[in-house]
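Colleague: Top line first, the protein sequences correspond to chains D and U.
Following our numbering, the numbering of the first sequence begins with 1 at its first residue and continues without gaps.
Following our numbering, the numbering of the second sequence begins with 772 at its first residue and continues without gaps.
Note that these hints are calculated values from the structure, not bench results.
Keep in mind that this is a model prediction, so the values were computed, not measured.
It is possible that part of the hints are untrue.
Claimed, not checked - Rough simulated footprint, nothing fancy, chain D against chain U, three-plus residues with beta-carbon under 8 Å:
no., segment
1, 773 to 783
2, 829 to 838
3, 868 to 880
4, 907 to 914
C-beta atoms are modelled at their ideal positions from N, C-alpha and C, and glycine is treated no differently.
Given next are the chains, with one letter for each unit.
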Amino acid sequence: MSQKLTCVGKRITQKDVLLKATGEARYVPDVRLPGMLWGKVLHSPYPHAKIKKIDKSKAEKLPGVAAVITVEDAPKILWARSFRDMPMAPSGALQRADEYILADKARYVGDPVAAIAAVDEKTAEEALELIEVDYEQLPFVLDPFEAIKPGAPLVHDYAKNNMAVHLTPPPFLVKGDVEKGFAESDVVVEEKFFVSKQVACQMETQSCVASVDSSGKITCYSPCQLAHPFRRELGKMFNVPVGKINVINPFVGGSFGCRLSCHNEPICVLLSMKTHKPVKLVYSKEEDFISIDTRTPHYYTVKMGFKKDGTLNAMNLDVTTWAGGYLSRAQLAGGITLIWGLGHYRCPNMNGSCDVIYTNTTVAGAGRGFGNPAIMWGVEEVVDMAAEKLGMNPVELRLKNTKQTGEMANMGLPIESSYIDDCIREGARAIGWDEKRGKNKGGNGTLKRGVGMATMTHCSGAWPLLIEHSNAFIKFNEDGTADLTVNPGSPGTHIWGTLSQIAAEGLGIPVEDIYIVTGETDKTMFDLGSHASRSTYVTGNAVLEAARLAKKQLLERAGKILSESPDDLDVRDRQIYVKSNPEKKTSVANVCSQAIYNLKGDSMNISGKSSWCSHYNSIPTAAYFAEVEVDTETGEVKILNFVTAVDCGKAINPMTVEGQCEGGVQQGVGYGLTEDYVINKNTGAVESNNFTSYKMPGTMDMPETTKTIIIDKPDPKGPFGAKGVGEPGLVGVAPAIGNAIHDAVGVWMKDLPATPEKILKALMEKSPQQD
Amino acid sequence: MKKEIINLTVNGTLHEISVEPQVTLNEVLREQLDLTGTKLSCGAGECGACTVLIDGKPELSCCTLAMTANGKDILTIEGLARDGELHPLQKAFVECGAIQCGFCTPGMLLTSKALLDENPDPTREEVKSYLSGNLCRCTGYVKIVDAVLAAATEMNKGGK
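Same shape as in the complex, but just chain U:
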């Protein structure tokens, strides 16, 4: 199939990439850019493990054709920490015991970031509802929700 050149800004860096039309954003990130922090699990948009932020909105990279992301701004887990400083969500996930096997973690973190960007002071129910598309088999979600709330508190305190 015919390849086309697309431009993706990933974690602040512009990449010019040649892709075939059927290639997903997940494949581009993992196979071409070696950003393997973005996971692939169900491959069908059912589990949320592959979530990245496209122009700030959580999207399933396994179901997103790379071409449709042309010209857009993409944040993957590798871009969440800035200048070596962990994002408050990352800190909270680590400290609260919200990470076990860790395979759902990148997707959980990015979905949570989108939530806190939209709603800096969510209730427990709002967190649960926003994360309802992200599956985890290890934690029972309890400490994940705890961590998102802890990060929100921390960020509101810090005025970030």
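With the rest of the complex left out, here is chain D:
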């Protein structure tokens, strides 16, 4: 990388963004195929019920109805919405196939029990009303602690006491002697926390268009961001060779974790199989709220012991993860809280545990940050509590315990690069920490101001917990442009742009000459898909390697034309030139054209292909700073300023990095303050099933100023030094706000979201005489 970068590091807009500004971008709900039918799903109104009988005769007789399906019509095979048999490290947290395409027994309010395909949406809706389901309501359990009591209703027969899995930390995070460590600590803080079931709130509702033709070929338009693993699961589910399945991701209207699973796609495919016609199935927002994966809620206890000088000496985490009626990724999102929480700071004595428990609630799976935002809420509050007891500045306490390059990272591998201390220092400077911390409590009347901070370390992919495999193929066209074939999915993260910049830099041609081929499993080689902030890092490295190979071919071919050694050539501004004599050159287009249209008998399409498996994991780090104003009369929190300082290695595109961080702030503000998933205790129904009752932040709820500081120091392993950044934007936002609330008004908020009611209650408990 001695050469000056010409494309990486630039604020370049991804090409297809234009189509989103003109309305031309087509998402799954916009797909229309000839002869297409509309699908609708009947969801269980009960949290737990035996389905004794389903009478579909009336619905079937309604003119325009093409098919009515129930579990009887579905393959008699259990599947996993989070996809089976992913090659996992032996951590005990395996995916489990625990559901049928349509429910054999209703396990939560919203569980799909039947589905319809009809000529239009209105007919399908009418037909839904005509399906008669004879339910036998069963006792149900919503709370995980109730669920493990003897005699509690069983969600799945196989899981005794509803315990899906009991997990311990991986061996590299079980260290020393925790009890002795606490005994030898000068300050020990132990607190209980709760984090709620945040909803993805992706703007495009869950949708699918499926078409099964007479040859049995399945075409499935889906927003699922793990297209290749999803294809494999579909193959197993329907006993169809994967070569007969094409999963197409058109434009995708947001994910934030929920698209790691598939949801109504198998239902849609089954409807198409039954009707021999294409079927479109688009969930309403209410269906999204009640029946697609939410973030996992957790109850947990954080215990941390510090020496007088602030050195972290012992740490323990006990987590209870509240799964829904099916497991999805709750076992992974639960177990990985231990990795994030225990793996963040240097500590000689540590241990933990995590129980994952079935309940009769909406399924909980992946959410952006995958357990990291959940656990860091408590860990970072406990660090601030300890700082108070130690009489230390929270900035200094963190700097004392952060892990550095070369130490063992959260996933058990050496830290390739960490600039977390730079994040902390620069973020503190930007928020005005020294001037503001603890100094503005008087405020005016009922308005109190405070500043708070939090930190985190995350990952660039999930190696060594999960296979990290991506492929990239680059071919030069005859005019010197290049097609880049990759399939990481793109729920809106501009990954295609990022990968194009990596390809352009690697090839030495302008980024406008790169054309992305993506979005179909038929056209692309394997890619695990978008998750765990991996695509820039893993797919990016695949692209860089493919570019290196393609460029090698290009220069070999040019060497023949110029009668020079390929080693003496390089590419710049669409020209291939002799390094020692730049005037001697030929154009990339000329070389590519001569290679393709060639009568000498040595034709070739200049190309490069790479299969990339990550065997390291460079951790992005970040520090977050919030300045808030709390109204002690109403409990309302206004966020004045927010600063995210992020160490994501070299930023391939700073505008994209800022976008991820700014969006993360919105989700963190919601997670911390407003987004509350409310389940009616008497009926099991989701009460927060729309944007009026579930408060996702709008423009007026956002900080007055939001600043992103990119540390921009290259990592040794990432492509051009880049690390992942998709998820980190969110991770530490809520705890920074929580700690700022404490700085303002002196109360610790332990349950998320910290609504005005909870803040007022905490203020009352702190100073009851004021009421």
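Go by the hints and put chain U onto chain D.
Modeller: Frame of chain D; chain U shown alone:
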């Protein structure tokens, strides 16, 4: 239910459409006219993704019965660019990084157009306030507000 004929001028073109009384403008645009740039998200008037301009005013097409738009002039995202030339708001959204997944974008753009038509030189606070009914899950709104202000500057400079 009984269908009636209504006239809608959509992006400058007059359409004679037969609709049932319960059909929304969103359904007509998306299903009958194939103008799928207008999105449907919450379906309940809470998120702004389906916003179109009716006689220049931002309206939620998911909550507007098609019949009530009879005889009116409707602008959807497909009509914002003119003669192949992007509207300054579209350019600014693209250049400022205001678009991520893009699903809220058509509604954001049309609401922003209504704002700049009413108030060509808004403050940051005025932009935030005007866009408060349009939800976005990707961007944190920062670059969206930046883009609206940039477009306003550009339009004022160009005297458009």
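Colleague: Confirm or reject each hint.
Modeller: Results for each hint:
no.: 1; hint: 773 to 783; result: violated (count 0)
no.: 2; hint: 829 to 838; result: violated (count 0)
no.: 3; hint: 868 to 880; result: holds (count 10)
no.: 4; hint: 907 to 914; result: holds (count 8)
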